[in-house]
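Q: Given next are the chains, with one letter for each unit.
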Amino acid sequence: MEDEAFSNISGKAISLDCQTHSSFCREFTVSSPKMSIGKVMVYTCSVWLIAYAVFFFTENTTVLSSAILITLTGMMLHIHFVKVDHESLLVIGSLGIQVSSSYASGREVTTFIEMSRIKDIVINEAVYLNQIIYYLCVLLKEPSEPNVVSSVVPLFQSSKPRLNCLAKVYESCQDILSNHNENKWFFCGHTFASVTWQM
Amino acid sequence: MVLKIFFPQCCNRAESGLLVGRWISGHDSAVVLAVIHYPFIPAQVKQYIQQMQAQSRVDLSVLGSWSLPKDGQEGMESFLRDLSTIFPQERWLQIRRQFGKTGFSCEVLSRDQICRKDPGEKAEKKKKSEEDGGDAEREDEEKVIFIHYEQRKVMLSQLHPVEAQESGSGSEPHSELRQVFGTVARSQPLFVLDRYDDGPLRSTHWQSEGREASIVVELLKQASVPLGLLLSRMLSVWTWICSARILSVFPLRFLSSKLSTCVQLSYRTERLQTLCAPQGAPQGAPQGAPQGAAHMDFMRKANVLVSILLDISLGVLLMSWLYRNQNIAMLASNMVPAADRVAQQLEELLQWLMGAPAGLKMNRALDQVLGRFFLYHIHLWISYIHLMAPFIQGILWYGGLSACLGLTFALSLLSDMVALFTFHIYCFYVYGARLYCLKIYGLSSLWRLFRGKKWNVLRQRVDSCSYDLDQLFIGTLLFTILLFLLPTTALYYLVFTLLRLVVVLFQGVLHLSVDFINSFPLFAMALRICRPYRLAEGVKFRVLCEEPGTALHLLMEINPLKCSSVVQTYRTPTYSCYPRDSWAALVKKLFIGELIYPWRRKTTKSD
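First to last, the sequence lines map onto chains U and F. Going from the first sequence to the numbering used here is simple: count from 1 and add 1. Going from the second sequence to the numbering used here is simple: count from 1 and add 487.
A hint or two may mislead.
Derived CB-CB ranges, DEER-like [stated by the list, open to error]: (1) U:L78 x F:R811: 39 to 45 Å; (2) F:L907 x U:S159: 53 to 59 Å; (3) F:S711 x U:L78: 40 to 46 Å; (4) U:M76 x F:L722: 23 to 29 Å; (5) F:L643 x U:M76: 34 to 40 Å; (6) U:S159 x F:L643: 30 to 36 Å; (7) U:V150 x F:R544: 32 to 38 Å.
To be clear, the hints were calculated from the coordinates, so they are not data collected in a lab. We treat Cβ as the ideally placed atom computed from N, Cα and C, and that holds for glycine.
The shape of chain U in the complex, shown without the other chains (with noise of 0.2 Å):
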């Protein structure tokens, strides 16, 4: 249970849980920066002084009440959909990879990977524009084909963290995939994904 002070890459500060259940049973949660007052007052208010503008012209109470509607169906889509609280991932020796994102409304987001169609974790980099990023991922494979890579999960995708976060959540991945060998290679796969990376 550490709390180093890691950041994303726009440089937000975001905080890593790993949480070691057994020696074969690891949970990472990477939390994401919360919302920030200031924005939320911000877009409010600038909503309703449009609304007023508005309703100044066109003595029209229907536009006040559309604007109030419209914040509020708004923060809470905002918070349903599209604001993610933190991300996890659980590593289960031997039965396979769960990962999760809840997000701001307590909405929960589980996908699980059996362990027979993982073929490895990475760390990638992409080329978005003027930045390079990192990024982890697992590689799938079909168990019919063990040697071809059949698709690609990026792993904390809301929450972004930065080279050194991942490199611990890598070693601690790695050290359960391999069968508890350890792992003291740091390794970065040097593909050069020209994947747009989805911000």
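Chain F: place on chain U using the hints.
A: Just chain F now, with coordinates in the frame of chain U:
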């Protein structure tokens, strides 16, 4: 290697006894299905297991022993240990739990050597019971994960994407979870023995407190057999009538393929036939995939039935509104004046076109010809409507009866009636389009002549050509005439194309709603909302034991399928009308004057 034991939650407080289940090959895991209690006779247990194996086609075996000693049963453990010699297995599991202390401990004995692993007492944080700290001892050698699952939900659930074919020549699916789910689902005969049975064995599983059944479901099952027979008989008579030779005469066949009511009728007949068809594979087929096929079959039939029922109830609702308070008479009496108003507005439109529409100066003679031609058509149509006026109420009354077959039929009938009543607009559109098309064709050809070029049909390209003087003279004359007559024709064409597009849009909306009612999987969606564990996308795990160094207890919950995937997977295929051309091709066709038939009907493929 880590050993995974899938343990049902209902057996957490079961009395001591034998664990019955299945070893999953290749993944080093075991599924516990039931616990058979002491006292028992080993021969009877073996016989019971063989019987169950034959019925369920699952590779059952005795996995080990379970001990939850109550007061006065201290000698149980050594007795249960000796049982490993009676039931010879590769590995023998000994799971122990202390009453009052919430902890599982497991010893694994392999057949040849009795290598005892150090038992560690584990503290388990269960949801309802209180926390209890235990001594934490490190397990260095063999590790065990206990995965708790809720037996009833896993039994009823179906993992998606459904594998309806045998994966790889009858072998087991590669996925461990699929094997677990399949095992529990196929072990239904094992869950029939409950505690009110007077047999020689007592067992604990999810149904051991008493078998669950629903009177409504049983009654429906009994009633569905004769009803299905009756329906299939009626359907065979109906299809025999429909395929009579007299109805295959050319005009009727062509009409019936164009009228949406007939199409909807044949579609509904087809759907009812799939409903009454007997099930594909018998239940006792070998393990794995046919269960997926049976599930898809069941879902398809249920979706069709619920859709048809919804359709009919909506139709009856429409009928109840239509046939009360003289609504039909009101509709009929409004219809003729409405048609009159439409005709009047068309006439006004034509008069406007014949004058100087939007300030454009038309060619007088052509204008008058076209305008008078179309006015005469409108006059004919109005007389036709007035002739039909007394019969409209009757037509509406009998047409409304079709709503008892379903709302889709009423909508298709409405769409057909709209098509018939706007037939004159269709005619105008065709005339205008043909005229315009000819003009454009002539113009393009004469334009090439004007420039001294010619279309080479052989080489499919434009070549230069030297014309004679009289050819050039006449060609240029004709070209000028056509060019200056172009605005008039183009205007008429534009107006009638727009009218036609409005009608097509309206018909399109009707067809879309019919398609939606036909294809939406209402049963699957209701199942997803009310019983989300039945349609599973995957599983999710939650860690129950929090302390490091002790054995791991996980809770396996079912992750239900997303609503969009439900619609995509279970959508009933229909004869859907979708646009034949892309937007660009449509605009191009409009520009050239080619006749457009925007909706193309997809024929349903038979399974």
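Q: All the hints need checking, so say for each whether the structure fits it.
A: The hints, checked one at a time:
no.	hint	result
1	U:L78 x F:R811: 39 to 45 Å	holds (43 Å)
2	F:L907 x U:S159: 53 to 59 Å	holds (57 Å)
3	F:S711 x U:L78: 40 to 46 Å	holds (44 Å)
4	U:M76 x F:L722: 23 to 29 Å	violated (55 Å)
5	F:L643 x U:M76: 34 to 40 Å	holds (39 Å)
6	U:S159 x F:L643: 30 to 36 Å	holds (34 Å)
7	U:V150 x F:R544: 32 to 38 Å	holds (36 Å)
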